[in-house]
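Undergrad: The primary structure of each chain is shown beneath.
Number of protein chains: 2
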Amino acid sequence: MKLFDGGRAPNPRRVRIFLAEKGVEVPLEPIDMGAMEHRSQKVTARNPLQRLPVLELDDGTIISETVAICRYFEELNPDPPLMGIDALDKAIVEMWSRRMELHLLMPVAQAFRHAHPAMKEWEVPQIPEWGEANKPKAQKTLRWMDDELKSREFIAGDRFTIADITAMISIDFMKPARVPLPEDCDNLMRWYKAVSARPSAKA
Amino acid sequence: MKLFDGGRAPNPRRVRIFLAEKGVEVPLEPIDMGAMEHRSQKVTARNPLQRLPVLELDDGTIISETVAICRYFEELNPDPPLMGIDALDKAIVEMWSRRMELHLLMPVAQAFRHAHPAMKEWEVPQIPEWGEANKPKAQKTLRWMDDELKSREFIAGDRFTIADITAMISIDFMKPARVPLPEDCDNLMRWYKAVSARPSAKA
Numbered sequence: 001m002k003l004f005d006g007g008r009a010p011n012p013r014r015v016r017i018f019l020a021e022k023g024v025e026v027p028l029e030p031i032d033m034g035a036m037e038h039r040s041q042k043v044t045a046r047n048p049l050q051r052l053p054v055l056e057l058d059d060g061t062i063i064s065e066t067v068a069i070c071r072y073f074e075e076l077n078p079d080p081p082l083m084g085i086d087a088l089d090k091a092i093v094e095m096w097s098r099r100m101e102l103h104l105l106m107p108v109a110q111a112f113r114h115a116h117p118a119m120k121e122w123e124v125p126q127i128p129e130w131g132e133a134n135k136p137k138a139q140k141t142l143r144w145m146d147d148e149l150k151s152r153e154f155i156a157g158d159r160f161t162i163a164d165i166t167a168m169i170s171i172d173f174m175k176p177a178r179v180p181l182p183e184d185c186d187n188l189m190r191w192y193k194a195v196s197a198r199p200s201a202k203a
Numbered sequence: 001m002k003l004f005d006g007g008r009a010p011n012p013r014r015v016r017i018f019l020a021e022k023g024v025e026v027p028l029e030p031i032d033m034g035a036m037e038h039r040s041q042k043v044t045a046r047n048p049l050q051r052l053p054v055l056e057l058d059d060g061t062i063i064s065e066t067v068a069i070c071r072y073f074e075e076l077n078p079d080p081p082l083m084g085i086d087a088l089d090k091a092i093v094e095m096w097s098r099r100m101e102l103h104l105l106m107p108v109a110q111a112f113r114h115a116h117p118a119m120k121e122w123e124v125p126q127i128p129e130w131g132e133a134n135k136p137k138a139q140k141t142l143r144w145m146d147d148e149l150k151s152r153e154f155i156a157g158d159r160f161t162i163a164d165i166t167a168m169i170s171i172d173f174m175k176p177a178r179v180p181l182p183e184d185c186d187n188l189m190r191w192y193k194a195v196s197a198r199p200s201a202k203a
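For the protein sequence lines, the chains are A and B, in the order given.
One point on numbering: in our numbering, the residue at position 105 of the first sequence is 105, and numbering is uninterrupted.
One point on numbering: in our numbering, the residue at position 103 of the second sequence is 103, and numbering is uninterrupted.
Bear in mind the hints are in silico, worked out from the structure with no lab data behind them.
Just so you know, not all the hints are guaranteed correct.
As the list makes no split between identical chains, a pair holds if one copy fits it or if it spans any two.
[Claimed, not checked] Cut-off 27 Å, straight-line C-alpha distance, at most; resulting in silico cross-link-like pairs (DSS-like, lysine-lysine):
| hint | residue 1 | residue 2 |
| --- | --- | --- |
| 1 | K42 | K140 |
| 2 | K137 | K42 |
| 3 | K90 | K193 |
| 4 | K2 | K175 |
| 5 | K135 | K22 |
| 6 | K120 | K193 |
| 7 | K193 | K150 |
| 8 | K120 | K22 |
| 9 | K137 | K193 |
| 10 | K202 | K120 |
| 11 | K2 | K193 |
| 12 | K175 | K150 |
| 13 | K2 | K202 |
| 14 | K42 | K90 |
| 15 | K42 | K150 |
| 16 | K2 | K135 |
| 17 | K140 | K22 |
Whole structure, please, built from the sequences with the hints as guidance.
TA: Below, the structure written as structure tokens:
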């Protein structure tokens with residue numbers, strides 16, 4: 001199998017961190033998104049949405065969408081569990097993972113794509129007012145998480161999960177997206193430092 | 001257990017259809033979103049995001065987020081499978097389900113919230129330009145699906161799955177969102193008629 005990777009972009013990194021936590025090694029095929037290579041024929045033929053990462057299995061089967069790729073490896077390599085261990089736990093992890101996607105990663109990504117001048121060619125039409133409107137949404141979610149993290153170690157409970165990966169890469173993405181991090185959030189910062197210090201964060 | 005339901009809104013309906021396909025009955029607690037009851041203390045105490053539906057278990061445990069609720073019932077009641085049957089199939093269903101969420105439901109919802117005058121109080125700031133920009137995104141996804149549905153019966157393959165539910169409720173949502181349906185898409189319309197004729201669609 002082969003993972004078409006997109007370097008520093010948040011979703012490719014989300015999958016690499018997930019794989020590092022699993023201890024699974026997958027050969028990477030680097031795609032230079034800065035050179036718009038994700039819009040090349042090579043990528044488009046595998047994912048018409050021209051989004052990365054894309055996993056290609058040995059028989060040519062394609063799996064795209066970050067969490068779908070993670071789900072594949074979770075099912076094949078259940079240890080350590082990153083997406084829950086039983087019906088209720090899987091639901092709780094999915095709940096927090098989606099909350100982090102919809103109310104943190106998504107607003108940060110919208111801020112980046114719609115308010116950053118360098119994204120003008122990527123996002124057509126670029127609507128700066130929409131980009132700016134997303135910045136306080138991301139910050140509101142972080143203040144909520146600061147409160148939640150008072151009483152537990154990780155985003156979805158007492159175990160590191162995919163929800164932590166999504167939240168961490170979203171916070172790292174705030175810098176290029178120019179969304180100020182609310183640094184007075186002590187519980188959030190304690191958690192952020194802890195997850196950033198895991199070896200997987202370098203993936 | 002109890003499902004705090006939101007009537008005609010797309011996500012509450014997504015869960016009700018999922019439960020109907022499973023043959024699972026859950027007592028509903030109706031929440032009148034037209035009267036802004038999803039912002040009441042009753043809902044906010046259970047889901048600070050003030051979004052519906054919300055599932056409350058008998059011990060008070062809360063599961064919010066549509067797909068997290070579906071995942072809970074999928075794990076408890078695997079038949080009929082609506083989220084895949086093995087590692088690869090689960091990944092493929094998740095891929096299509098997310099494609100339908102991110103590139104169909106999401107643009108339709110953004111069109112509704114940002115371009116519909118009745119949503120002015122719900123979505124602050126409402127940015128009509130962003131709402132309008134989403135309409136062609138949804139239509140582009142439907143044209144792609146029309147092409148995909150040439151060669152298979154359902155969105156994710158030869159079996160009805162959660163991806164079909166998400167796509168169907170998104171298309172139904174296009175009417176209030178004022179996104180014109182591309183009716184020349186014959187394969188899409190064949191699929192849409194078939195899934196709309198299932199008894200679950202009335203849920």
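Undergrad: Could you place K42 and K90 in one of the four classes (within, between, both, neither) given a Cα distance threshold of 27 Å?
TA: This pair counts as between: shortest inter-copy Cα distance 25 Å, intra-copy 35 Å.
Undergrad: Taking 27 Å as the upper bound on the Cα-Cα distance, should K135 and K22 be classified as within, between, both, or neither?
TA: Classified as neither: same-chain Cα gap 32 Å, cross-chain 40 Å, threshold 27 Å.
Undergrad: Indicate which option fits the pair K137, K42 if close means a Cα-Cα distance not exceeding 27 Å: within, between, both or neither.
TA: Between copies only: 23 Å across chains, 36 Å inside a chain, cut-off 27 Å.
Undergrad: Classify it for me, K2 with K135: is the Cα-Cα distance of at most 27 Å met within a copy, between copies, both or neither?
TA: neither (35 Å within a copy, 35 Å between copies)
Undergrad: Is it within, between, both or neither when you check K193 against K150 at 27 Å Cα-Cα?
TA: Close inside one copy (15 Å), not across copies (50 Å); limit 27 Å.
Undergrad: When no copy is specified for K137 and K193, does a C-alpha distance of 27 Å or less occur within a copy, between copies, both, or neither?
TA: For K137 and K193, only the intra-copy Cα distance (22 Å) is at most 27 Å; the inter-copy one is 38 Å.
Undergrad: With identical chains treated as interchangeable, where does the CA-CA distance between K175 and K150 reach 27 Å or less: within a copy, between copies, both, or neither?
TA: Close inside one copy (25 Å), not across copies (44 Å); limit 27 Å.
Undergrad: Is the C-alpha distance from K120 to K193 at most 27 Å within one copy, between copies, in both cases, or in neither?
TA: Neither, since 33 Å and 39 Å both go past 27 Å.
Undergrad: With identical chains treated as interchangeable, where does the CA-CA distance between K120 and K22 reach 27 Å or less: within a copy, between copies, both, or neither?
TA: neither (37 Å within a copy, 45 Å between copies)
Undergrad: Within a copy, between copies, both or neither: where do K140 and K22 come within 27 Å Cα-Cα?
TA: neither (31 Å within a copy, 36 Å between copies)
Undergrad: If the cut is 27 Å between Cα atoms, do K202 and K120 qualify within a copy, between copies, both or neither?
TA: Classified as neither; 29 Å inside a copy, 43 Å across copies.
Undergrad: Check K2 against K193 for me: Cα-Cα at most 27 Å, and say if that holds within a copy, between copies, both or neither.
TA: Classified as neither; 31 Å inside a copy, 38 Å across copies.
Comparing the model with each earlier hint shows violations of hints 4, 5, 6, 8, 10, 11, 16 and 17; every other hint is respected.
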